[in-house]
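2 protein chains.
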Amino acid sequence: MSEKNILAEAFKKTHFKVSGHGPRNIQVLKEAFMNIEGELESELYGKGQVIDDFQTKMAKYLGKESAVFFPSGTMAQQIALRIWCDHKGINKVAYHPLSHLEIHEEDGFKKLHHIESILLADKESVIQLEDVVGLEEEIACLLLELPQREIGGQLPEYKALEDISAYCKEKGIKLHLDGARLFEILPYYQKSAVEVCALFDSVYVSFYKGIGGIAGAILAGDQAFTEESKIWKRRHGGDLISLYPYIVSADYYFNQRINNMNQYYEEAKEYARYYNQCHSVSTKPLEPVTNMFHVHFDASKEEMELIFASIYEETGIGLTSYVREVTKTTSNFEVSIGDLYSQVPKEELSNAFKLLDEKMKAIR
Amino acid sequence: MSEKNILAEAFKKTHFKVSGHGPRNIQVLKEAFMNIEGELESELYGKGQVIDDFQTKMAKYLGKESAVFFPSGTMAQQIALRIWCDHKGINKVAYHPLSHLEIHEEDGFKKLHHIESILLADKESVIQLEDVVGLEEEIACLLLELPQREIGGQLPEYKALEDISAYCKEKGIKLHLDGARLFEILPYYQKSAVEVCALFDSVYVSFYKGIGGIAGAILAGDQAFTEESKIWKRRHGGDLISLYPYIVSADYYFNQRINNMNQYYEEAKEYARYYNQCHSVSTKPLEPVTNMFHVHFDASKEEMELIFASIYEETGIGLTSYVREVTKTTSNFEVSIGDLYSQVPKEELSNAFKLLDEKMKAIR
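Top to bottom, those sequences are chains A and B. Note that this note's numbering numbers the first sequence so that position 17 is 17, with each residue one more than the last. Note that this note's numbering numbers the second sequence so that position 133 is 133, with each residue one more than the last.
Read the hints as simulated data drawn from the structure, not as lab findings. Being a predicted model, the structure only gives us computed values, none of them experimental. Treat the hints with caution; some may be incorrect.
Remember, identical chains collapse to one label, so a pair may be satisfied in a single copy or spanning two.
[As the list claims (entries may be wrong)] Think about it this way: if two alpha-carbon atoms lie no more than 27 Å apart in a straight line, the pair counts; the simulated DSSO-like pairs of lysine-lysine are:
hint, residue 1, residue 2
1, K47, K111
2, K123, K269
3, K169, K88
4, K47, K30
5, K110, K88
6, K159, K169
7, K60, K169
All chains should be modelled from the sequences, with the hints used to inform the complete structure.
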């Protein structure tokens with residue numbers, strides 16, 4: 001068995017998992033549909049009560065004129081950028097070097113939409129006004145991802161967002177929000193979704209991060225924009241005859257968890273402190289600004305896998321199922337706090353961190 | 001209330017619907033998941049037991065090396081054509097003028113993949129060998145839709161398929177099967193799916209036509225082809241974290257209905273005879289070759305809506321929920337036979353057709 005499997009196997013056997021909402025299994029679907037009447041009719045190719053109601057609800061929640069349900073954010077965001085590029089007649093957009101579009105989509109929007117990307121800010125920082133002002137080429141659209149997931153979920157100050165928004169408006173640059181984790185940032189900013197979204201021309205949100213649904217996304221903006229997005233949704237092969245398995249579950253878990261975001265955020269800060277008290281361990285950001293953060297180790301992936309596996313066996317507490325190599329001697333993993341955190345006995349959690357601290361000291 | 005609504009409303013109130021498998025409602029999902037253990041884990045971005053097992057099963061059923069599950073046929077087929085065009089370095093494909101790609105996808109594959117289409121055969125006929133031989137331009141791929149849905153579900157003779165396949169092989173033209181209704185054509189050809197698919201380089205099948213699932217498609221071919229298709233699936237935004245709602249239901253209804261295709265075919269022939277015995281009514285094809293056919297009337301849409309609505313009220317038998325205008329004085333609708341047909345009492349069905357015949361004579 002490889003060391004990766006040793007960790008994953010040890011994780012599976014733990015009594016308490018600290019991150020997330022629980023297993024991504026079929027119970028997630030069964031629970032969402034338990035109280036839905038079988039007679040409720042499927043929508044048909046984007047038309048019908050189930051999809052209309054949810055789109056209307058999300059448009060209102062986000063403070064936008066209109067909203068469209070998509071099977072994925074990958075599809076929704078490519079389409080948003082394409083529409084803004086077509087409107088301006090410029091096939092250029094700007095975003096962060098670690099944007100989902102740049103690193104997780106096999107260059108879909110370049111291969112399918114022939115849009116060129118300009119990377120703003122260095123990898124370790126979030127985009128600031130000066131990055132946008134410093135742009136030498138004309139762009140159709142700027143995409144901001146809030147929080148910037150690949151660097152632990154960092155956020156610019158709200159004032160910076162307001163300034164960027166005002167600057168883009170002045171320059172005729174459309175501002176698009178990659179809000180895969182929009183719900184999760186609201187407690188830190190102390191703003192409503194409507195207030196944040198008002199800074200953007202178009203907004204994408206996801207339902208299987210903090211909300212914990214099965215899959216699916218909403219793209220919101222003005223009516224003309226969302227109508228155009230529906231045509232592209234069909235072109236992409238995303239206008240399924242029935243998207244209700246995702247819509248019904250998105251709605252169910254939205255209702256269940258939308259008011260928990262502050263709790264997850266507070267718990268993330270507490271949980272990060274446990275890590276930061278350990279030798280050769282630190283979190284990024286040091287104090288989380290959402291329910292997520294990254295945990296970094298001055299130790300190799302292989303060392304950390306053995307350490308975690310032994311902690312799990314001793315304590316029954318599962319901290320992570322994997323560790324990623326950063327360099328030969330450093331490693332990290334991602335935390336997203338969800339429903340499970342509050343179920344973990346604090347004493348046992350403290351014990352796990354005592355062990356982690358000891359074991360880290362023992363190797364460095 | 002418009003006349004369209006009169007017909008749709010009258011249809012809703014009937015005791016027996018003749019076409020299809022029953023309502024497209026949430027019970028379709030609930031039934032498929034009733035006996036699935038909640039602990040079964042979701043696949044993750046195309047990897048995991050649920051998707052692996054079904055892909056392996058379908059590859060075997062279709063006699064192809066490998067198969068990939070897609071959220072939609074629109075996505076799967078664009079990708080198949082794109083791959084074959086890339087391989088050959090020619091952005092040209094040929095298909096029927098009423099192909100799904102030409103009339104139902106908002107020109108997705110032209111707008112996203114910049115592929116040019118050459119239309120073969122006239123609208124009312126299926127593609128024959130001479131159409132392919134007569135091609136003046138070089139193409140990367142020929143797409144055949146079996147049966148040709150938009151003309152009532154017609155099929156070429158099997159010999160013609162074999163000849164086209166041999167010709168394409170000789171000329172280095174890839175042959176792709178739009179098999180949205182592949183399962184439904186096997187009884188007429190008296191061939192297995194493996195035998196039919198052996199004539200094609202790539203095959204798409206759907207799970208919400210004769211199979212009656214929720215949505216979803218399989219694209220099958222050799223390993224190199226399907227691996228490439230997975231990259232494009234991600235680019236299109238179709239590589240969802242969880243496609244299991246569609247996969248589990250596709251598998252469930254595949255198992256339930258795959259052996260009913262001969263029954264549906266025989267019933268379609270019987271049902272078409274009822275129509276063809278009526279004045280000013282005929283089916284296309286005259287004798288169905290699958291579970292589907294179109295019913296044509298020498299009467300306007302509005303006339304037929306009133307006639308059908310009155311028949312439903314008198315008999316409680318629902319023949320169709322809509323009628324489409326063809327010309328000002330002709331109209332039609334589509335029939336797909338499924339589970340419901342065998343539940344309709346034959347005497348009451350005969351009565352409905354007696355009425356239809358009388359009413360047609362009364363207006364012409």
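Here's how the hints hold up against the structure:
With identical chains, the CA atoms of K47 and K111 are at most 27 Å apart between copies only, with a shortest distance of 24 Å across copies and 30 Å within one. In this homomeric assembly, K123 and K269 come within 27 Å of each other (Cα to Cα) only inside a single copy, at 23 Å, whereas the closest approach across copies is 65 Å. Only within a single protomer do K169 and K88 lie at most 27 Å apart by alpha-carbon distance; the minimum there is 14 Å, versus 45 Å between protomers. In this assembly of identical chains, K47 and K30 lie within 27 Å of each other by CA distance both inside one copy and across copies; the values are 24 Å within and 21 Å between.
When the C-alpha separation of K110 and K88 is checked against a cutoff of 27 Å, the pair qualifies both within a copy, at 17 Å, and between copies, at 21 Å. Proximity of K159 and K169 under a CA criterion of 27 Å is satisfied intra-copy only: 15 Å inside one chain copy versus 64 Å between copies. Taking the closest pair of Cα atoms, K60 and K169 come within 27 Å of each other only inside a single copy of the chain (23 Å); across copies the shortest separation is 56 Å, beyond that limit.
When the structure is compared with the earlier hints, no violation turns up for any of them.
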